[in-house]
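2 protein chains.
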Amino acid sequence: MKQSKYFLKTSKTKPAEDVSANAILLEQGGFVHKEMAGVYAYLPLGLRVLEKIKNIVREEMNSIGGQELIMTSLQRKELWQKTDRWDDKKVDIWFKSQLKSGGEVGLAWSHEEPITDMMRSCIASYRDLPVYVYQFQTKLRNELRAKNGILRGREFLMKDLYSYSTSPEEHEGFYNRVMQAYLNIFKRVGLGNDTYVTFASGGAFTQFSHEFQTLLNEGEDVIYLSREKKIAVNKEVYTDEVLQQLGLKKDELEEVRASETGNIFNFGSTKSEQMDLYFNDEEGKKKPVILGSYGIGITRVMGVIVEKFHDDKGILWPDAVAPFQIHLIALKGAEVQAEKLYNQLLEQGAEVLYDDREVSAGVKFADSDLIGIPVRMVVSEKTLAQESVEVKKRNEAEAKLVKIDEVKSIFSQ
Amino acid sequence: MKQSKYFLKTSKTKPAEDVSANAILLEQGGFVHKEMAGVYAYLPLGLRVLEKIKNIVREEMNSIGGQELIMTSLQRKELWQKTDRWDDKKVDIWFKSQLKSGGEVGLAWSHEEPITDMMRSCIASYRDLPVYVYQFQTKLRNELRAKNGILRGREFLMKDLYSYSTSPEEHEGFYNRVMQAYLNIFKRVGLGNDTYVTFASGGAFTQFSHEFQTLLNEGEDVIYLSREKKIAVNKEVYTDEVLQQLGLKKDELEEVRASETGNIFNFGSTKSEQMDLYFNDEEGKKKPVILGSYGIGITRVMGVIVEKFHDDKGILWPDAVAPFQIHLIALKGAEVQAEKLYNQLLEQGAEVLYDDREVSAGVKFADSDLIGIPVRMVVSEKTLAQESVEVKKRNEAEAKLVKIDEVKSIFSQ
Numbered sequence: 073m074k075q076s077k078y079f080l081k082t083s084k085t086k087p088a089e090d091v092s093a094n095a096i097l098l099e100q101g102g103f104v105h106k107e108m109a110g111v112y113a114y115l116p117l118g119l120r121v122l123e124k125i126k127n128i129v130r131e132e133m134n135s136i137g138g139q140e141l142i143m144t145s146l147q148r149k150e151l152w153q154k155t156d157r158w159d160d161k162k163v164d165i166w167f168k169s170q171l172k173s174g175g176e177v178g179l180a181w182s183h184e185e186p187i188t189d190m191m192r193s194c195i196a197s198y199r200d201l202p203v204y205v206y207q208f209q210t211k212l213r214n215e216l217r218a219k220n221g222i223l224r225g226r227e228f229l230m231k232d233l234y235s236y237s238t239s240p241e242e243h244e245g246f247y248n249r250v251m252q253a254y255l256n257i258f259k260r261v262g263l264g265n266d267t268y269v270t271f272a273s274g275g276a277f278t279q280f281s282h283e284f285q286t287l288l289n290e291g292e293d294v295i296y297l298s299r300e301k302k303i304a305v306n307k308e309v310y311t312d313e314v315l316q317q318l319g320l321k322k323d324e325l326e327e328v329r330a331s332e333t334g335n336i337f338n339f340g341s342t343k344s345e346q347m348d349l350y351f352n353d354e355e356g357k358k359k360p361v362i363l364g365s366y367g368i369g370i371t372r373v374m375g376v377i378v379e380k381f382h383d384d385k386g387i388l389w390p391d392a393v394a395p396f397q398i399h400l401i402a403l404k405g406a407e408v409q410a411e412k413l414y415n416q417l418l419e420q421g422a423e424v425l426y427d428d429r430e431v432s433a434g435v436k437f438a439d440s441d442l443i444g445i446p447v448r449m450v451v452s453e454k455t456l457a458q459e460s461v462e463v464k465k466r467n468e469a470e471a472k473l474v475k476i477d478e479v480k481s482i483f484s485q
Numbered sequence: 073m074k075q076s077k078y079f080l081k082t083s084k085t086k087p088a089e090d091v092s093a094n095a096i097l098l099e100q101g102g103f104v105h106k107e108m109a110g111v112y113a114y115l116p117l118g119l120r121v122l123e124k125i126k127n128i129v130r131e132e133m134n135s136i137g138g139q140e141l142i143m144t145s146l147q148r149k150e151l152w153q154k155t156d157r158w159d160d161k162k163v164d165i166w167f168k169s170q171l172k173s174g175g176e177v178g179l180a181w182s183h184e185e186p187i188t189d190m191m192r193s194c195i196a197s198y199r200d201l202p203v204y205v206y207q208f209q210t211k212l213r214n215e216l217r218a219k220n221g222i223l224r225g226r227e228f229l230m231k232d233l234y235s236y237s238t239s240p241e242e243h244e245g246f247y248n249r250v251m252q253a254y255l256n257i258f259k260r261v262g263l264g265n266d267t268y269v270t271f272a273s274g275g276a277f278t279q280f281s282h283e284f285q286t287l288l289n290e291g292e293d294v295i296y297l298s299r300e301k302k303i304a305v306n307k308e309v310y311t312d313e314v315l316q317q318l319g320l321k322k323d324e325l326e327e328v329r330a331s332e333t334g335n336i337f338n339f340g341s342t343k344s345e346q347m348d349l350y351f352n353d354e355e356g357k358k359k360p361v362i363l364g365s366y367g368i369g370i371t372r373v374m375g376v377i378v379e380k381f382h383d384d385k386g387i388l389w390p391d392a393v394a395p396f397q398i399h400l401i402a403l404k405g406a407e408v409q410a411e412k413l414y415n416q417l418l419e420q421g422a423e424v425l426y427d428d429r430e431v432s433a434g435v436k437f438a439d440s441d442l443i444g445i446p447v448r449m450v451v452s453e454k455t456l457a458q459e460s461v462e463v464k465k466r467n468e469a470e471a472k473l474v475k476i477d478e479v480k481s482i483f484s485q
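Note that the protein sequences, when read in sequence, are chains W and Z. If you're matching positions, the first sequence starts at 73 in our numbering and goes up one per residue. If you're matching positions, the second sequence starts at 73 in our numbering and goes up one per residue.
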């Protein structure tokens, strides 16, 4: 992509209202546009990052048998009344609206009720089970205080997976596969070393739910972490009784702040019973379906990555989620050679942002650091004199000269 | 994809409330789930069709220089007040809601105002222009009477493209490229022969807008069509004066019903002036940006395709948008050979739905006709006796035997 033609406008001035690194850098870098607090549009550069994260999540969901679908934003009141979650006193983040044809409608903050209701027309027998379906869907949550850029939004993108199983055993088998898939995802997006399975409160059916908490000073949660055992306990269930139950001792746990990037809920048969989702087992006996729900905040993950990987000049994207692989920069007098190299790299299938703009070298370098593409390649009269380009990784201080002929072989996969 | 594992439940009973073919067949075929009138979830089979349509549209948008982004669902009241489109008396399809933090918020029925406002921070000089950006976005419209399945929804998927140009001439050049791209899209999705550029009312700035109307008895619009000149006039502007202006005579025009699958609006500088979007030209003179907006109803296109391509047994998807290319059916006793062929076809990169279920041949054939995958391949003891499979196209009456060895070469591209 030629930067002169790309819809990408960086800014030197920090947004006035924001203090968190992700809000500042994503907006300054031209990744997002803030529509209102907690409501962000994703510009071409930001959408590329989102799609990279989505594709990693999609691959891992497919690999455990998940099938993608898409539910609706408009939701029926009566479904949420069945589980007593319509009332604003019970769920305080609803956006609701009036239908012109009469009655109220809810805007999706979650999809457990509609998808479980839908399953009533799809699941009748044990032969129809198990079902593992997921979606990437915009959630709307009427937060009183949206904050920290895309870490806590009023409108955000979530991947939610639902499992419908015949028995607690079948459920548990899948539950464990999701745990592993989630660990794979966090590893692949660059958060593996800082993301811990965390015991949290489980709601009506089970004692615990599992959260995936990524260590972050700006995170909203406090967890007690054993780095050695790779396990943590959310403050909300941090009691002597729970610690004993989990075989953990206070002195091996460290109090740290973290951001909840994923979570897993086991609903058992509670919701199915509330919503009348039953199946006939092999002996013809009517049984409630066992439900699990598994979320990953896609936009939040993007925000956490920025919080963790940035310096005072800008973002340092991990390779797997970077909007482009290579930021190619042409300096004055080297445009012809740079364009030639650009075309060669494209032919090899590399993802290249090519800064062909007529602006100063200083502006180009500053933008390149701000945007944070993993590899910067500079072509100048000086490098061309040595038949080379200057290659610098965003996360390394030193640049090195690489012969143009060798650039090809480095980036051909 | 093995059908026994696929989240796909067809139904023999027609949905009670619906009369249009797309509503009935898409729901019976397991493509969609009706959440409420005009609000549909897309199940895995339906999502595959949507993604095929989206990818065709995406390719054509990219080929004319469009860049993909994604705007927000939550919208600010004050932006729409600037153009006098907030008031329910002016726009009667708003969904609105209250923010917990105070004030009203709108749910996106269109994005012209927010995207044009956003451009104020991206466009300052002629050097920043032109800008061509598009999105695939869910639109919410509070229709009093949603009808005809996914033809007119209260929640639906739209591709909307916006062009920001320095001059009417630059605008017109791009406008014409979009016209051509749209014709390519309708051709590729199978609607080329029935989709006509149609003159319709243009609103405040121009006399006409251009609609893309696909001939359809169930369509909501009436147009006057010259098949010979490949041009049509919407009933709303069908006057003697307009006909004279367009050089058309009444007796060469045919009155037909059609569905508006695409439209193009030229806003000129009106909206930019209302919303304060100006740029400095090469001489430093302040000028309003010229705006065009170009929509295609992605879910409506899917519905129109079903309306046009179905028979009394089910859907007949055009190749380019079919959820799978091949529906492979194993009959009793031929499961081992069928599975082998399934794996071979997958290796060749074919998209195959493999009916490995333990149900009768009759059920399999009926489901196959209902779902409407272009090529059906049946493996049975009878066909295997001749080292063959039975191949039948959904849109042809006759099946033919093809040697298994030759199947490979037919479907390797």
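Errors might be hidden in some of the hints.
[Unchecked claim] Capping the alpha-carbon separation at 30 Å, the derived lysine-lysine pairs in BS3-like fashion look like this:
1. K149(W) - K168(Z)
2. K154(W) - K161(Z)
3. K126(W) - K77(Z)
4. K357(W) - K77(Z)
5. K168(Z) - K219(W)
6. K385(W) - K322(W)
7. K81(W) - K454(W)
8. K358(W) - K84(Z)
9. K149(W) - K154(Z)
10. K81(W) - K149(Z)
11. K154(Z) - K84(W)
12. K106(Z) - K168(Z)
13. K436(W) - K404(W)
[As the list claims (entries may be wrong)] Some chain Z residues close to chain W (C-beta under 10 Å, calculated; not the full set):
14. M73
15. N127
16. E131
17. Q170
18. M190
[Said to hold, decoys possible] Residues on chain W that point at chain Z, a partial pick, calculated with CB under 10 Å:
19. G102
20. E140
21. I142
22. L146
23. V177
24. I187
25. N214
26. G264
These are calculated hints, taken from the structure and not from any lab test. Every residue gets a Cβ at the ideal spot worked out from N, C-alpha and C, and that includes glycine.
V177(W) as an interface hint toward chain Z, with CB separation required under 10 Å:
Status holds, d = 8 Å.
With a cut-off of 10 Å, does the beta carbon of E131(Z) approach a beta carbon of chain W closely enough for the hint to hold?
violated (16 Å)
Under the criterion of a CB-CB separation shorter than 10 Å, is I187(W) in contact with chain Z as hinted?
At 8 Å from the nearest chain Z Cβ, I187(W) passes the 10 Å test, so the hint holds.
Taken at face value, is the distance from the CA of K168(Z) to the CA of K106(Z) at most 30 Å?
holds (23 Å)
Per the CB criterion, is E140(W) less than 10 Å away from chain Z?
holds (6 Å)
Chain W contact restraint on M190(Z) - CB to CB distance below 10 Å:
holds (5 Å)
Do the alpha carbons of K436(W) and K404(W) lie within 30 Å of each other, as the hint requires?
Holds, because 11 Å separates the two Cα atoms, which is no more than 30 Å.
Double-check Q170(Z) for me: the hint is only fine if its C-beta lies closer than 10 Å to a C-beta in chain W.
Given a least distance of 8 Å, the restraint on Q170(Z) holds.
Report holds or violated for the interface hint on G102(W), using the least CB-CB distance to chain Z and a cut-off of 10 Å.
holds (8 Å)
Checking one constraint from the list: CA of K154(Z) to CA of K84(W), max 30 Å. Satisfied?
holds (29 Å)
Is the Cα-Cα distance between K154(W) and K161(Z) 30 Å or less?
violated (35 Å)
Is K357(W) close enough to K77(Z), meaning Cα to Cα at most 30 Å?
At roughly 23 Å apart (the allowed maximum being 30 Å), K77(Z) and K357(W) satisfy the hint.
Against the hints set out earlier in the document, violations occur for numbers 2, 6, 9, 15, 16, 26.
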